[in-house]
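Please build the complex by placing chain C on the supplied structure of chain R, with the hints as guidance.
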Amino acid sequence: MSKIQDGLKYTETHEWVRVEGSVAVIGITDHAQEELTDIVHVDYPIGVGESVEKGSDCVVIESCKAAADLYAPVSGKVTETNEGLADNPAEVNDDPYGKGWIIKIEMSDPSQLDVLMDADAYRAHSE
Amino acid sequence: MPLDAFEPSLFELSHGEGGREWIPERGGADLASLIPSEHLAPEPAALPVVSEPEAVRHFTKLSRRNFSIESGFYPLGSCTMKYNPKICDSLAGLPGFARLHPEAGADMAQGTLRLMDDISGFLAQISGMDKVTTNPCAGAHGEFCGILMVRAYHEDRGDDRDVVLVPDSAHGTNPATAAMVGYKTVEVKSNSSGCVDLDDLKSKLNDKVAALMLTNPNTLGLFEKEILDIARVVHEAGALLYYDGANLNAIAGVARPGDMGFDVVHINLHKTFSTPHGGGGPGAGPVGVKQRLIPYLPTPLIEKSGEEYTLNYDSPKSIGQLSTFYGNVGIVLRAYVYMRMHGKEGIRRNSEHAVLNARYLKHLLKDHIPPEIDAPGMHEFVLTMKDKSRFGEFNAMGLAKNLIDRGFHAPTVYFPLIVKEALMMEPTETESKRTLEEFAATVVDILNEAARDPEKAMHAPYTTPVKRLDEVSAARNPVLVHPCCE
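Here the protein sequences come in this chain order: R and C.
When the count follows the working numbering, it moves up by one through the first sequence with no breaks and lands on 135 for the last residue.
When the count follows the working numbering, it moves up by one through the second sequence with no breaks and lands on 487 for the last residue.
Chain R extracted, bound-state conformation (with noise of 0.2 Å):
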C-alpha cells in the first residue's frame, strides 16, 4: 500500500501540494512514483521566474516505462526547481515527500487550494 502523508492537499493526477506561506511545494505521490517505476530524469521546461497556468503541464518526470507529465495544481510563478534531482532522480523513488519534491511556485490565487483533496479524500480517490 503506498504511503499518503496527512496536512498535504492532493490532485486527481496524483500531486502533492504542502503550503508554505504563499508558496506551493509540488511533488508527486508515492502511488505515482510506484506506478511509473524508477524515475530516471525529471526535466524542467519551465525555468525559475516563469508564469505557469493551474492544470499545465509544467515538469517532465521520465521513467524506463513512461514520461509523465506534472500538471500544475496552482497558477503562479515558479521560485525554485529541485535541483538535486538532476543527479539523483531516485529522490523522486525514495523519499516523495520529502527531498524527492519537484516545483515550488509563488501562488497567485491561493483559493485554487480550496478545490485540492485532503489526505482523506486523495485515500478514497486512489481507492
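Where hints are given, some of them may not hold.
[Claimed, not checked] Calculated from the model, a selection of chain R residues having no Cβ within reach of chain C, i.e. all distances over 12 Å:
1) 47
2) 64
3) 118
4) 134
[Said to hold, decoys possible] Taking CB as the label site, the calculated pair distances span:
5) R/135 x C/66: 30 to 38 Å
6) C/56 x R/20: 54 to 62 Å
7) R/102 x C/24: 33 to 41 Å
Rather than coming from a laboratory, the hints here were simulated on the basis of the structure.
Remember, it's a predicted structure, so these values are computed and weren't measured experimentally.
Where a beta carbon is used, it is the ideal one built from N, C-alpha and C, also for glycine.
Chain C in isolation, oriented as in the chain R frame:
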C-alpha cells in the same frame, strides 16, 4: 563459437594501428579549401586494423544475432511484422530499377516514375484519399509531412491555430510530430471501453485546434465505432482529422479512412504492404490527402502529361521538398509488387486473416493472461499482467525476456501507456495456425514455470550474449562513447 557469445567491437579486435594504408589518396581539391578548419579533425581517425576474413567473420557473427521475421515469430504489437515475400526483393532489385542514378532525368526514369504514379493511385483507392505522395521516407517522416500540410492549410486561410489533439492511447510519434511542426499537444482521454471519449474530445475542441491525430483501429486493437461523430465534431470546430496508418493492416480493402472523414493519412508501407522494417532506412511513409490539401503536397510531384511522366517542382503552396531524391524508391517498388501480387481481393483477405489470427491468439491466451478490454478486437490485442494476486512479482517484462529464451520475439510491452503491465500482440496474417498455437503454449509454459521458480524466471534471458540489462542505470548514467574510442 556459440551463438550467445559476446562479440567485441572491431576496435577491440584491432591488432595494430593505422589501417589507412589501403585508402587511396583522394584527388581533386584540398579538403582544407572546401571545409572550414574548425570542422576538420585535427588528426586522422584511429581506424581498427583487422584482416579481411576477420572483418567478414565479425559481421557474419553479428548478423547471426539478428532476430527477424525470417528467424522466428515476431508478435510486436502495432508494428505489423509480417513476412516480406522474396519476389518483392528480386523485382525491386532488377538492374533497371536498382541502378537508376538519382540524378538521372525524368526522361530516363519513365518506367520507375510510372510505377510510382501507379502505386500512388492504388494507395489513394485503398485509403479513400484524392491524391497520394510517396515522397516521405518513413512513417514518422510521413506524419511530419502530413502535419506540415495541416499547418500550411490553416496558415493559408489566415487561421491561427496552435494545438494538436492526441488520444492518451496514441503512438509516441504523434505528439512528437506535432511538437516538431511547432504545435502544442493536448491529450484526449479514452473511455472505459478503450475508445476516444467523445465528451472529452468535444470539451477540448475550439478555434485553436488544428487537428486530431488518430489511429483506427486504435492501439488497443479496437475499432473506433464513433468515428463518424468524431469526424463531424472535429470538422465543425474547423480542425482537420489526421489518420495514423500504423494499424491499416486491420482494415485495408475493407474500410477506407477517407470515407470515415479523415483529411490526411500516412501509410506505413513496411507494415501493411510488407516491405522490410527499419534497419536505418530508407523506408516509405506515403501520405494521402483530400482535395483541399492537394496544393500543399511536397515537391517534386510526379505528374503525367500525355504518355510522359515528369517531376514538377513548381507548386507555389507546397510545403517544399522533404528529401533531395526519391531515395526510397526500392521500398516503394517492393510494395508495388506486393499489391499487384495480391490484388484488391487479396488485400481485403489479408486484413480479414490478420484480424482472425489476432482473435484466435487472444482466444488461446485470455484464460491465462486477461485482456485489458474483453471486446471483439481487430488485428492486435492488449493483455495485462497487473493482477499481482495472480502473477506475483512476475510481470510483462519478465514474460518478454523469457520468450526471447524460447526463440520468439517479445511482444510490445508497457504500451499503450493507459494499460498497466501491458502486453500488446499482433500476429499478422502471415503466421500459420500452428505457429500461433506453439506461441500460446510457450506463453502458458513460461507462466507455469514462473509460478514454480519465480527467481529463475525473473532473471531471464539466459541464452543471449548479454543477460538482463540494467535499464535504470543505463538511463540514469548513460555512457555514450565506447571506452576504446575515447
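Hint by hint, here is what the structure shows:
no., hint, in the structure
1, 47, "violated, 9 Å"
2, 64, "violated, 10 Å"
3, 118, "holds, 26 Å"
4, 134, "holds, 14 Å"
5, R/135 x C/66: 30 to 38 Å, "violated, 47 Å"
6, C/56 x R/20: 54 to 62 Å, "holds, 59 Å"
7, R/102 x C/24: 33 to 41 Å, "violated, 53 Å"
In this structure, the hints that do not hold are numbers 1, 2, 5, 7, in rising order.
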